[in-house]
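Number of protein chains: 2
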Amino acid sequence: MTLILNNDDVEKALDKEECLQAMDEAYHELPVGRAVNRPTSHIYTAHSLPQATYSFKSVEGAVQKFGILALRITSDIVREEKHDGSTRLEKLPLAGKGQYLGLVQLFSIENGELLAIMPDGLIQQTRVAVTSALAARALCRENATTLGLLGSGGQARSHLRFLTSVRPIQKVKVFSPNPDHRITFAAEMEKEMEIPVEAVNSVENAVKSCDLVCSATNSSRPMMTGALLEPGVHYNAIREFEVDESVFEKSHVIAIHTRYGGIQHFLPPGLKEDLPAIRREKPRDWSRYPEISDFLIGRATGRTTDQQITFFLNNVGTGVQFASMGYCVYRRAKQAGMGREIPTEWFLQDIKP
Amino acid sequence: MTLILNNDDVEKALDKEECLQAMDEAYHELPVGRAVNRPTSHIYTAHSLPQATYSFKSVEGAVQKFGILALRITSDIVREEKHDGSTRLEKLPLAGKGQYLGLVQLFSIENGELLAIMPDGLIQQTRVAVTSALAARALCRENATTLGLLGSGGQARSHLRFLTSVRPIQKVKVFSPNPDHRITFAAEMEKEMEIPVEAVNSVENAVKSCDLVCSATNSSRPMMTGALLEPGVHYNAIREFEVDESVFEKSHVIAIHTRYGGIQHFLPPGLKEDLPAIRREKPRDWSRYPEISDFLIGRATGRTTDQQITFFLNNVGTGVQFASMGYCVYRRAKQAGMGREIPTEWFLQDIKP
Numbered sequence: 002m003t004l005i006l007n008n009d010d011v012e013k014a015l016d017k018e019e020c021l022q023a024m025d026e027a028y029h030e031l032p033v034g035r036a037v038n039r040p041t042s043h044i045y046t047a048h049s050l051p052q053a054t055y056s057f058k059s060v061e062g063a064v065q066k067f068g069i070l071a072l073r074i075t076s077d078i079v080r081e082e083k084h085d086g087s088t089r090l091e092k093l094p095l096a097g098k099g100q101y102l103g104l105v106q107l108f109s110i111e112n113g114e115l116l117a118i119m120p121d122g123l124i125q126q127t128r129v130a131v132t133s134a135l136a137a138r139a140l141c142r143e144n145a146t147t148l149g150l151l152g153s154g155g156q157a158r159s160h161l162r163f164l165t166s167v168r169p170i171q172k173v174k175v176f177s178p179n180p181d182h183r184i185t186f187a188a189e190m191e192k193e194m195e196i197p198v199e200a201v202n203s204v205e206n207a208v209k210s211c212d213l214v215c216s217a218t219n220s221s222r223p224m225m226t227g228a229l230l231e232p233g234v235h236y237n238a239i240r241e242f243e244v245d246e247s248v249f250e251k252s253h254v255i256a257i258h259t260r261y262g263g264i265q266h267f268l269p270p271g272l273k274e275d276l277p278a279i280r281r282e283k284p285r286d287w288s289r290y291p292e293i294s295d296f297l298i299g300r301a302t303g304r305t306t307d308q309q310i311t312f313f314l315n316n317v318g319t320g321v322q323f324a325s326m327g328y329c330v331y332r333r334a335k336q337a338g339m340g341r342e343i344p345t346e347w348f349l350q351d352i353k354p
Numbered sequence: 002m003t004l005i006l007n008n009d010d011v012e013k014a015l016d017k018e019e020c021l022q023a024m025d026e027a028y029h030e031l032p033v034g035r036a037v038n039r040p041t042s043h044i045y046t047a048h049s050l051p052q053a054t055y056s057f058k059s060v061e062g063a064v065q066k067f068g069i070l071a072l073r074i075t076s077d078i079v080r081e082e083k084h085d086g087s088t089r090l091e092k093l094p095l096a097g098k099g100q101y102l103g104l105v106q107l108f109s110i111e112n113g114e115l116l117a118i119m120p121d122g123l124i125q126q127t128r129v130a131v132t133s134a135l136a137a138r139a140l141c142r143e144n145a146t147t148l149g150l151l152g153s154g155g156q157a158r159s160h161l162r163f164l165t166s167v168r169p170i171q172k173v174k175v176f177s178p179n180p181d182h183r184i185t186f187a188a189e190m191e192k193e194m195e196i197p198v199e200a201v202n203s204v205e206n207a208v209k210s211c212d213l214v215c216s217a218t219n220s221s222r223p224m225m226t227g228a229l230l231e232p233g234v235h236y237n238a239i240r241e242f243e244v245d246e247s248v249f250e251k252s253h254v255i256a257i258h259t260r261y262g263g264i265q266h267f268l269p270p271g272l273k274e275d276l277p278a279i280r281r282e283k284p285r286d287w288s289r290y291p292e293i294s295d296f297l298i299g300r301a302t303g304r305t306t307d308q309q310i311t312f313f314l315n316n317v318g319t320g321v322q323f324a325s326m327g328y329c330v331y332r333r334a335k336q337a338g339m340g341r342e343i344p345t346e347w348f349l350q351d352i353k354p
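Chains B and G are the protein sequences, given in the same order. Note that my numbering has the first sequence beginning at 2, numbered continuously upward. Note that my numbering has the second sequence beginning at 2, numbered continuously upward.
What the hints contain is simulated information worked out from the structure, not anything from laboratory work. Some hints here could point you the wrong way.
Pairs involving identical chains hold if they fit within one copy or between any two copies, as the list cannot separate such chains.
Claimed, not checked - Below 25 Å or equal to it, Euclidean Cα-Cα: the simulated PhoX-like pairs (lysine-lysine) are:
(1) 353 / 92
(2) 353 / 13
(3) 192 / 13
None of these values were measured; they are calculated from a predicted model.
Given these sequences and hints, build the entire structure.
See the structure below:
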């Protein structure tokens, strides 16, 4: 049977320790050729709404020991919107009753079958945070007790949950430009995590005197600079646009997620300049940096003193992350009989394709 | 509702004239930026069977006026097998009860929803043959009455159906190395097409004195040479491995399907040399040739005399082909109430991915 899961199923099936372990195993499998990635591609076409574009992303990855290849896709309508003088790309909830479509599809690498289809929302937040947590375990001081957080969305929540599970965090400060957002976040997460979470009114105040700093925003302008990095801190960023060049310069140890950084963009011929809401970043040369898997398998050297500044840039997602988290969800969901079942043969054929 | 179709549904929903028209429209949309392709990628990982490899392919394309983006994927176990001294890659039917998995998934570019999932088997055969037929309409002599066919599989059948619908073919000769295959093919297709179909015992006999020649094989060694091309013939190949260099040299007009010829292969790091059953072709420089859409929109000049030899190499598939055929199937299937329906909201989420 092919399993159809929703985000409630995924939430129940995702176990923190299992996620950390599976992802850690995957990063050990990658360098020895038992896991593989196909980097992300984005394809675009014009949309009927003004300043909007249809955007379809896909990425694949397989981990042999999990028996799984994961395909992650998103099917979005994206619009350019002005906020405080800067332009942001907003996804529009035009599917169903104001919803979004993003899916993780799991395939068996033993028999080829479609094992499961599930939404990508929670898996997406989890796979980023799990990787950040593994990087913190490799690079952050073991006695880190204070966490400074920038951002108050799903990624910030997920990072708070996972970073506190790898370091003995006793106190959290959070900043988000919108006071309501940071106050609500602090109240909710303090209750959930059972440690003090304080909303503060600036990036500087969030970061000051923290052992571990994490930005988890959708900002496309740098908010972190080298000047804010204090001796001994481990800094975790989830998007390269969150940081300026001085962060790279001031860090003693830099790790990135993957050198497969080059997202491929496919635009209609002749429309390259006219299509709105396209992310037009300049590609950075990721080949200069060691990957987090290099630190996890001991091929790269992490922090050697408590005074060094370490920096992990969780730069680009990979299919192997989706395969690992998908495997965790699928195994638990199967055991617990979660989700809806569709006959697998609905998706099979006798014709050799 | 999201429509789940099988190959019986697809067969009923595919109308020959509609397919030709939709694909022709798509080729007119491409050059003006209202259709877009993401080229094919293949990703591999080791399989537990000896000499076998797991292979996952994906390709995407969208046609704005059809409102559709198509994702086509195949999830295969491929094994190297020896036949008559040469090595062939065979797909193993390990899914379900000896079946294969290949899917076309259709997404709405207006609201992002998953519209339909269907097997790729018949669509795959049809999209190749429709493109070949459009090329024949552009390049083959209008009074072509004889067709020489190499191959007796699904692609050969599909090409016979579509090529006879664009030219007044009165007689067909077919060659396939296996006598049983060519005799069965001739008998069945003669009955279906209601024109004489003769099984012949060599490539030379199949090709001789034909106005239109089509190879539709899975051969990885050249079977067609320039010496076999007679004045005035139009030759259609569906794989570059079917022809040798002299075919290019002897042809007066050459058209290819797409300059996006570069399939991207992703192999596990360190396993590039060890993994069996990987297609390791040398990439040809496709940028030298005009595409079939150039001929359809009048940007390239086709045959100018009845004596010229024209050659169409249907080199690599594109997502736009799947979007066009998928659109034809989806529209008819919806009208006729075919297939199984799954609530679209099963695939949606409130989380902004």
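Checked hints:
1. Taking CA atoms no more than 25 Å apart as the test, residue 353 paired with residue 92 passes between copies only; the shortest distance there is 7 Å, against 38 Å inside one copy.
2. Taking the shortest Cα distances, residue 353 and residue 13 sit within 25 Å of each other only across copies (19 Å), while inside one copy they are farther apart (38 Å).
3. Taking the shortest alpha-carbon separations for residue 192 and residue 13, only the intra-copy value of 19 Å comes in at or below 25 Å, while the best inter-copy value is 58 Å.
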